[in-house]
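Asker: Here are the chains, one letter per residue:
There are 2 protein chains.
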Amino acid sequence: MHAISELKQLVDAEINQLALNTTPEDLYKPITYMLSLDAKRMRPVLVLCGCELFSGDLNKALMPALGIEVFHNFTLLHDDIMDNAPLRRSKPTVHEKWNVNVAILSGDTMFVKACQLMMQVEDSKVRQVMELFHKTAIEVCEGQQLDMDFEKMQNVSIEEYIHMITNKTAVLLGASLKTGALIAGASQEDANHIYEFGKDIGVAFQLKDDILDVFGDDLKFGKLKGGDIVANKKTFLLLKCFELAAGDDALMLKKWLSTSDSQSEKIEAITSLYQKLNVKALAEAEMDKYFIEALNHLNAINVSDEKKSILKGFAEKLMVREV
Amino acid sequence: MHAISELKQLVDAEINQLALNTTPEDLYKPITYMLSLDAKRMRPVLVLCGCELFSGDLNKALMPALGIEVFHNFTLLHDDIMDNAPLRRSKPTVHEKWNVNVAILSGDTMFVKACQLMMQVEDSKVRQVMELFHKTAIEVCEGQQLDMDFEKMQNVSIEEYIHMITNKTAVLLGASLKTGALIAGASQEDANHIYEFGKDIGVAFQLKDDILDVFGDDLKFGKLKGGDIVANKKTFLLLKCFELAAGDDALMLKKWLSTSDSQSEKIEAITSLYQKLNVKALAEAEMDKYFIEALNHLNAINVSDEKKSILKGFAEKLMVREV
Numbered sequence: 001m002h003a004i005s006e007l008k009q010l011v012d013a014e015i016n017q018l019a020l021n022t023t024p025e026d027l028y029k030p031i032t033y034m035l036s037l038d039a040k041r042m043r044p045v046l047v048l049c050g051c052e053l054f055s056g057d058l059n060k061a062l063m064p065a066l067g068i069e070v071f072h073n074f075t076l077l078h079d080d081i082m083d084n085a086p087l088r089r090s091k092p093t094v095h096e097k098w099n100v101n102v103a104i105l106s107g108d109t110m111f112v113k114a115c116q117l118m119m120q121v122e123d124s125k126v127r128q129v130m131e132l133f134h135k136t137a138i139e140v141c142e143g144q145q146l147d148m149d150f151e152k153m154q155n156v157s158i159e160e161y162i163h164m165i166t167n168k169t170a171v172l173l174g175a176s177l178k179t180g181a182l183i184a185g186a187s188q189e190d191a192n193h194i195y196e197f198g199k200d201i202g203v204a205f206q207l208k209d210d211i212l213d214v215f216g217d218d219l220k221f222g223k224l225k226g227g228d229i230v231a232n233k234k235t236f237l238l239l240k241c242f243e244l245a246a247g248d249d250a251l252m253l254k255k256w257l258s259t260s261d262s263q264s265e266k267i268e269a270i271t272s273l274y275q276k277l278n279v280k281a282l283a284e285a286e287m288d289k290y291f292i293e294a295l296n297h298l299n300a301i302n303v304s305d306e307k308k309s310i311l312k313g314f315a316e317k318l319m320v321r322e323v
Numbered sequence: 001m002h003a004i005s006e007l008k009q010l011v012d013a014e015i016n017q018l019a020l021n022t023t024p025e026d027l028y029k030p031i032t033y034m035l036s037l038d039a040k041r042m043r044p045v046l047v048l049c050g051c052e053l054f055s056g057d058l059n060k061a062l063m064p065a066l067g068i069e070v071f072h073n074f075t076l077l078h079d080d081i082m083d084n085a086p087l088r089r090s091k092p093t094v095h096e097k098w099n100v101n102v103a104i105l106s107g108d109t110m111f112v113k114a115c116q117l118m119m120q121v122e123d124s125k126v127r128q129v130m131e132l133f134h135k136t137a138i139e140v141c142e143g144q145q146l147d148m149d150f151e152k153m154q155n156v157s158i159e160e161y162i163h164m165i166t167n168k169t170a171v172l173l174g175a176s177l178k179t180g181a182l183i184a185g186a187s188q189e190d191a192n193h194i195y196e197f198g199k200d201i202g203v204a205f206q207l208k209d210d211i212l213d214v215f216g217d218d219l220k221f222g223k224l225k226g227g228d229i230v231a232n233k234k235t236f237l238l239l240k241c242f243e244l245a246a247g248d249d250a251l252m253l254k255k256w257l258s259t260s261d262s263q264s265e266k267i268e269a270i271t272s273l274y275q276k277l278n279v280k281a282l283a284e285a286e287m288d289k290y291f292i293e294a295l296n297h298l299n300a301i302n303v304s305d306e307k308k309s310i311l312k313g314f315a316e317k318l319m320v321r322e323v
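Sequence lines, in order, name chains Y and S. As numbered in the working numbering, residues 1 to 323 make up the first sequence, in order. As numbered in the working numbering, residues 1 to 323 make up the second sequence, in order.
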C-alpha cells in the first residue's frame, strides 16, 4: 500500500517518460505541453488506488492509469476550445498558444494515444477495461454537451444538473477506480461498488467546487471568487436559489442575471441572497448525501478496513478542502 | 462471394440501422446527418472484401466495417472544420449547419462510437484488430497534420508528399482490408500482403485524384476542374512541375503561384505547363508503379485467383475511373 503522494510521484515520473512521436511537431508538442502542466493527477492515482485496494500489481495498472490521464487531458484540451478559455492551469491553452486546428488535431491524437495506453492490460482484461473506457468516454462527451446546452436554457432542474455533472465529471472518477479494480481481479460486485464510490465522490467533489467558487477563501482558491456568479453559470447554488426565491427576491435575482456589468455588486448581491435563502447549507447537505452514499459503497467492499483507509482519507480530504 | 455493389448495399442497410443515442440532440443529430450523406462506403466494403477473400463469415466483419466508416466520417468532420470547408458531399458541413463546437464534440463522440464498433470481434481477435485500428488512427492524424504543414511550406519533396498521402489516405484502405482478413483468420503473411495491397492502391487512388482534378472531365467530375491549381495545393503534379520547370517556365510558375485572381487564366497557364513538361504522364507512371506493386501483393496471397478477382476488378476500376 502506498500513500496518495507516493502514487502521484509515480504517475508524474511515468508521464515524463511517456514515449511519444516527435514529428509532426505541431501534432506532438501540444500533447507534451498539455501533459507537462502542473496537475493533481487525481484520476490516474485513483486507478492505482483501485488496484492496490484489491491487492493488484501496481505495474500492471500504470499504463491504463496514464491512459485515463491522457484521456482527461484530451477532454480538457477540446473543452477549452469550446469554452474559448485563455488559460489552463495558469498557462495559455493550446488553441491560444498554437491555434484551434492544432488543438483539435492534437486532441484527437491524444485520444488515440489514451486508447493505446488503456489496451496495455492482460488479454483476459482487455474487453472489460476497454468497454468501461468507451462507455465512460461517451458519457463524458454527453456531459459536456449538456453543460453547453444548459448555458442557453432558461430552466434547468437540480436533477438535470446532477445528471450533467455525473456524466461530465463523476463517471470518470468511478471508471478510474474500477479500471484499477478490474486489473487487480476484483469481483464484479466489488468492482461495481468501487465504481459507485468514485461516482458519488465525483458528484460531491463538483458540489464542493460550486460552493468554493462563492464561499471559498479567494487567496487560497487562487482565482477570483464568484466567477460562476459573474458568468451566470447554472450551479447547484444558483438553481436552488431559483427554486426558493420568491417575490422581491425572485425579481432581484432575475435583474442581476440580466446584468453583465457591476460585477462586484452582482457577486455581493447574489451571495447575500444565497445566504438569506440558506443555499450554501443546502448544497452542503446535498454534498454530504453523496459523500455518505459513497462511504456506504466503500463499506460494502469485501476487503479489510485498513486497505480502505487510504481511499476514505482521500475522500474526506476532498470534502473539507479549501481549494 | 458477393459483388462490390451487394456489399455496399449491406453496409448502407446496416448504417441506417445503427443504434445511436438520441439525446443530447446536438451531439447525436450531426452524427446521424454525417452518416446519412450519400457516400461510396469504400472502406467498409473493403473490410468485407478482406473477410470474404479469406472465406470468413461476413456477419463477423459487419460491425468493424461500420466502425471503420464511422471513424472515416469522424476524420472528415474534423478535417472540414480545419479546412473551413462549406460543403461535404454537396451538403452543408456540420460546423456550417450547426457550429464549430458541435462539430468538435460530435466528432469526438463518433470516434468513441467507432472504437465500440471495432471491439465487436471475437475475444481472440480483439487485440490485433484494435492495435491495427489505433496505429492507423495515429497515422491518419499525422497525415492530416502534414497536409496542413505543407500548405505553409515552400519546399515539399515528392517523397514527403507520398509519405503524407500514404498516412492521410492510403493506410486506412490497407487497414480496412487487413481488419477483414484478421477477422477471417488469415495468416499473418497474407494479412500483411492484403494490407500492402490496400495501401498501394490508396496511394495510386490519390494520385488519380490529383490527375482528375486537372485533367478530368469536369461534367463527370461534378466539381470545377483545377480547384487544386487555384488553391496552390501541393499535389504530385505541382511538385513534379516545380522539379522540372527551368528558366522562363520556373519564373512563370512562380508568378502564377503568387496570383489569386484571374483564376481561369491561372488554371489554363499551369495546365499548359503541366502538358509541356509532361507531368500528367509522369503522374500516371507513378500511379501505375503503385498499382503494379499492389497487384504483386495480391498475387502473393495464398488463395485462388477466382477469390482475388473481385479485388482486382475493384482496383482496376479505381485506376480508370473518370470521377
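Any given hint could be a false lead.
Which copy is meant is left open, so a pair is good if it fits within one copy or across any two.
[Stated by the list, open to error] Only pairs whose alpha carbons sit at most 20 Å apart, straight line, appear in this in silico SDA-like list of lysine to any residue:
hint: 1; residue 1: Lys-135; residue 2: Met-119
hint: 2; residue 1: Lys-152; residue 2: Val-102
hint: 3; residue 1: Lys-152; residue 2: Asn-101
hint: 4; residue 1: Lys-97; residue 2: Met-82
hint: 5; residue 1: Lys-29; residue 2: Asp-149
hint: 6; residue 1: Lys-91; residue 2: Val-320
hint: 7; residue 1: Lys-312; residue 2: Met-153
Rather than coming from a laboratory, the hints here were simulated on the basis of the structure. As the structure is a prediction and not an experimental result, all values here were calculated from the model.
Asker: Please go over all the hints and tell whether each is borne out by the structure.
Answerer: Taking the hints in turn, this is what the structure says about them:
In this assembly of identical chains, Lys-135 and Met-119 lie within 20 Å of each other by CA distance both inside one copy and across copies; the values are 15 Å within and 12 Å between. Taking the closest pair of Cα atoms, Lys-152 and Val-102 come within 20 Å of each other only across two copies (14 Å); inside a single copy the shortest separation is 28 Å, beyond that limit. In this assembly of identical chains, Lys-152 and Asn-101 lie within 20 Å of each other by CA distance solely across copies; the values are 14 Å between and 26 Å within a copy. For the homomeric pair Lys-97 and Met-82, the shortest alpha-carbon distances inside one copy (15 Å) and between copies (17 Å) are both at most 20 Å.
With identical chains, the CA atoms of Lys-29 and Asp-149 are at most 20 Å apart between copies only, with a shortest distance of 14 Å across copies and 32 Å within one. In this assembly of identical chains, Lys-91 and Val-320 lie within 20 Å of each other by CA distance neither inside one copy nor across copies; the values are 27 Å within and 53 Å between. Taking the closest pair of Cα atoms, Lys-312 and Met-153 never come within 20 Å of each other, the shortest separation being 37 Å inside a single copy and 56 Å across copies.
In the structure shown, a violation is registered for the earlier hints numbered 6 and 7, in ascending order.
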